[in-house]
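Number of protein chains: 2
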Amino acid sequence: SAGWFRRRFLPGEPLPAPRPPGPRASPVLYRRPRFLRGSSSSPGAADASRRPDSRPVRSPARGRKLPWNAGYAEIINAEKSEFNEDQAACGKLCIRRCEFGAEEEWLTLCPEEVSSYPAAPCWVRGQLGKSGHYWALFDGHGGPAAAILAANTLHSCLRRQLEAVVEGLVATQPPMHLNGRCICSSDPQFVEEKGIRAEDLVVGALESAFQECDEVIGRELEASGQVGGCTALVAVSLQGKLYVANAGDSRAILVRRDEIRPLSFEFTPETERQRIQQLAFVYPELLAGEFTRLEFPRRLKGDDLGQKVLFRDHHMSGWSYKRVEKSDLKYPLIHGQGRQARLLGTLAVSRGLGDHQLRVLDTNIQLKPFLLSVPQVTVLDVGQLELQEDDVVVMATDGLWDVLSNEQVAWLVRSFLPGNQEDPYRFLKLAQMLIHSTQGKEDSPTEEGQVSYDDVSVFVIPLHSQGQESNGH
Amino acid sequence: SAGWFRRRFLPGEPLPAPRPPGPRASPVLYRRPRFLRGSSSSPGAADASRRPDSRPVRSPARGRKLPWNAGYAEIINAEKSEFNEDQAACGKLCIRRCEFGAEEEWLTLCPEEVSSYPAAPCWVRGQLGKSGHYWALFDGHGGPAAAILAANTLHSCLRRQLEAVVEGLVATQPPMHLNGRCICSSDPQFVEEKGIRAEDLVVGALESAFQECDEVIGRELEASGQVGGCTALVAVSLQGKLYVANAGDSRAILVRRDEIRPLSFEFTPETERQRIQQLAFVYPELLAGEFTRLEFPRRLKGDDLGQKVLFRDHHMSGWSYKRVEKSDLKYPLIHGQGRQARLLGTLAVSRGLGDHQLRVLDTNIQLKPFLLSVPQVTVLDVGQLELQEDDVVVMATDGLWDVLSNEQVAWLVRSFLPGNQEDPYRFLKLAQMLIHSTQGKEDSPTEEGQVSYDDVSVFVIPLHSQGQESNGH
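So the sequence lines, in the order shown, correspond to chains A and B. Position one of the first sequence corresponds to residue 1 (the UniProt record's numbering), numbered consecutively onward. Position one of the second sequence corresponds to residue 1 (the UniProt record's numbering), numbered consecutively onward.
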């Protein structure tokens with residue numbers, strides 16, 4: 001609630017009694033995704049002699065099939081951090097349903113090891129069970145811990161949230177009351193008028209799952225004395241639809257023969273400027289007198305005092321001029337351009353999980369109140385697409401999109417897949433090829449010499465003839 | 001600032017000393033747009049015997065040309081209110097530019113009578129002057145006063161805001177400093193990197209003008225002891241571009257032979273649900289314990305207590321279920337569906353001008369903190385369109401769009417214009433025809449018997465061969 005927000009983040013508000021320190025939990029240990037076990041690596045750059053920092057590209061071992069025969073590949077950054085701060089998870093997502101009124105009749109357990117696909121077969125009683133598939137990328141910052149926790153946890157949160165509304169999911173139209181009983185005879189009509197469909201419950205479950213996972217990460221990192229945050233990009237197939245939930249600056253696109261469709265939207269200090277400035281307008285205390293919420297083309301200095309300069313405030317999409325006062329010389333709430341844009345001089349993303357303890361260097365100013373853990377969710381009605389053999393979803397962390405445009409990725413997809421339809425490893429190879437293309441290879445479609453020095457992780461998810469599989473079985 | 005917001009709207013905050021009551025200003029007098037002077041009316045419904053409430057359709061007298069030969073027509077509501085609460089204005093918009101450093105050298109005054117076009121010729125020294133055109137619709141509620149003030153005032157606010165940034169408007173790229181001097185040699189590069197163009201200054205000026213006009217209306221109505229609010233939809237042509245600024249539920253669309261393009265977006269309690277719920281989350285005091293900010297399919301009642309029902313909160317696009325508590329039985333912050341949706345049980349729009357004194361019936365709960373006066377602005381690059389003879393913008397208040405879809409309006413435009421290219425009054429006649437189509441005429445494309453009982457006002461603005469005229473002359 002707002003009361004909680006004020007107590008947590010505003011000075012002078014009465015704080016809740018601190019929890020007694022429990023026994024220190026063991027720290028989150030570094031690991032790579034479990035589906036990479038037993039995998040080998042290939043060198044990252046084609047011409048290792050030219051690039052001495054050549055790094056290995058990793059993919060699952062050939063015998064290990066990911067859901068829908070998706071391809072995966074990753075590369076670690078050029079010593080920007082000790083660990084690869086990207087993480088990935090994928091697997092089958094089984095949602096249990098209990099019989100009415102008999103809570104003890106929960107059936108069918110899928111092992112929660114989604115990251116070590118293939119999971120044990122999912123047995124569900126009768127027609128009640130629904131299973132889906134799940135692919136997720138997490139891009140950590142400030143250490144790998146938050147991304148690892150997210151990879152271990154988010155699918156469980158999602159399963160729990162979906163199970164909490166499963167009676168609504170299996171109905172043609174979600175009932176007003178979860179138990180299906182009508183209190184007013186016109187209740188179905190009210191639901192109909194609001195246009196509420198089963199897919200809205202999945203969207204709601206994804207939104208809640210991200211928030212639940214954020215709380216888990218906050219608790220776990222506090223208990224283990226660790227820090228950090230991560231972005232999250234999740235694709236879920238369920239009942240013939242593909243849901244893409246995104247919080248951060250990773251990206252998913254649909255690539256078809258004649259179409260490139262963005263399935264996510266990046267959340268950065270630039271794209272969320274108005275929301276962030278608005279919060280600083282409502283709670284100026286959050287800036288502790290150290291930052292200005294106004295946007296200027298560059299940071300102002302003494303010489304600008306008294307001049308009229310270009311600026312934008314929270315309510316403005318356009319620009320105007322204002323006369324510079326002393327308080328305008330403070331460091332800007334959002335500073336820098338494009339990839340260099342930072343929130344409070346610290347963070348390049350404005351949504352994600354974790355970062356509960358993150359503060360501006362040498363101050364007590366917190367980042368968390370400006371961050372949202374809630375994702376934006378896009379729904380792709382796969383059943384309506386008239387899918388073709390080479391239709392794929394490409395999901396990748398920002399390291400890929402920093403050097404490859406949507407069009408360049410689509411060009412690579414369309415150049416590679418049609419000639420390799422018989423190859424069972426084509427999606428794996430395509431994922432590897434996408435990674436290679438970020439490493440300045442000569443045959444890459446990027447401009448000469450463009451290299452990603454960031455961690456890069458990619459899923460290539462083929463859509464063709466997968467629609468059926470996503471229904472209950 | 002936020003301090004102002006808190007003092008103005010939150011209980012327990014120290015109030016500024018009340019202004020001493022000045023002499024009571026004379027009330028805003030009811031009138032119709034000045035360009036309707038000398039006009040005649042035609043009956044609203046084709047078959048007056050069938051519809052005894054037949055109301056007159058009004059248009060400008062045939063000798064009175066509106067800017068760009070635009071057509072205009074209006075009809076009063078079916079006795080919903082004593083007055084026609086819609087208002088309209090249009091005319092030439094002259095923007096003066098002063099010579100550097102010589103403020104007294106302001107040149108060229110256009111009479112501010114934009115609503116009585118044609119204005120006296122606008123003479124501007126050399127190439128400095130820029131003139132544009134302006135069309136505006138205002139839909140009042142709670143009395144006609146706010147809409148009349150807006151029709152009298154908004155163009156002056158806009159002219160003032162544009163003149164304040166005119167040095168930036170005439171440059172290829174707005175300078176970082178309004179006086180054009182560079183303090184850092186890289187200042188132009190910073191502006192370039194932010195992608196700031198002259199059109200962003202026009203957008204900013206429109207945003208500021210709406211807010212300035214809102215303040216003027218607040219002061220004037222307080223001084224005259226009147227109340228009310230209005231929506232505002234404004235189209236401005238300037239330097240080859242058409243800007244459409246909208247605050248409320250009026251609508252503008254571009255109709256071409258092969259295209260229907262929305263130029264505005266409606267702001268209602270439904271379309272702005274998340275923003276409104278978010279404010280109630282941040283400042284629960286604004287609801288005074290009388291409303292719940294949560295959305296449910298219908299208002300809950302005692303029988304729902306303890307049940308799990310569908311709901312949405314401010315951070316949710318999807319739906320979920322929650323167990324009903326007593327506080328969920330309160331009246332919802334946003335209630336009703338579609339045209340019946342109301343903010344705090346009171347207002348059907350969430351943006352507009354005025355309403356400074358509006359309170360929920362029999363309470364002290366204010367509407368104003370939930371309303372925005374800032375418009376959303378769409379920019380149409382008319383120069384890029386390859387315009388054809390029958391390309392028009394149709395602007396109308398919600399009374400039209402309640403019974404005609406975009407497609408139906410486009411069908412009427414395309415049926416009428418091509419056969420009447422020689423008729424100098426074709427846009428006037430088209431505007432009248434659109435109004436007639438909301439009155440249940442038999443040849444109307446609406447479903448049998450659909451009649452708008454609301455005030456309806458329409459501008460039809462032809463775009464062809466007008467591009468040049470909008471440049472300075």
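None of these hints come from the bench; they were simulated from the model. Wrong hints could be hidden among the right ones.
One copy or two, it doesn't matter: identical chains are merged, so the pair holds either way.
[What the hints assert, rightly or not] Here are the simulated DMTMM-like cross-link-like pairs (lysine to aspartate or glutamate), alpha carbons at most 20 angstroms apart as the crow flies:
| # | residue 1 | residue 2 |
| --- | --- | --- |
| 1 | Lys241 | Asp328 |
| 2 | Lys308 | Glu167 |
| 3 | Lys65 | Asp303 |
| 4 | Lys322 | Glu163 |
| 5 | Lys441 | Asp402 |
| 6 | Lys194 | Asp423 |
*Hints not upheld, ascending by number*: 1, 3, 6
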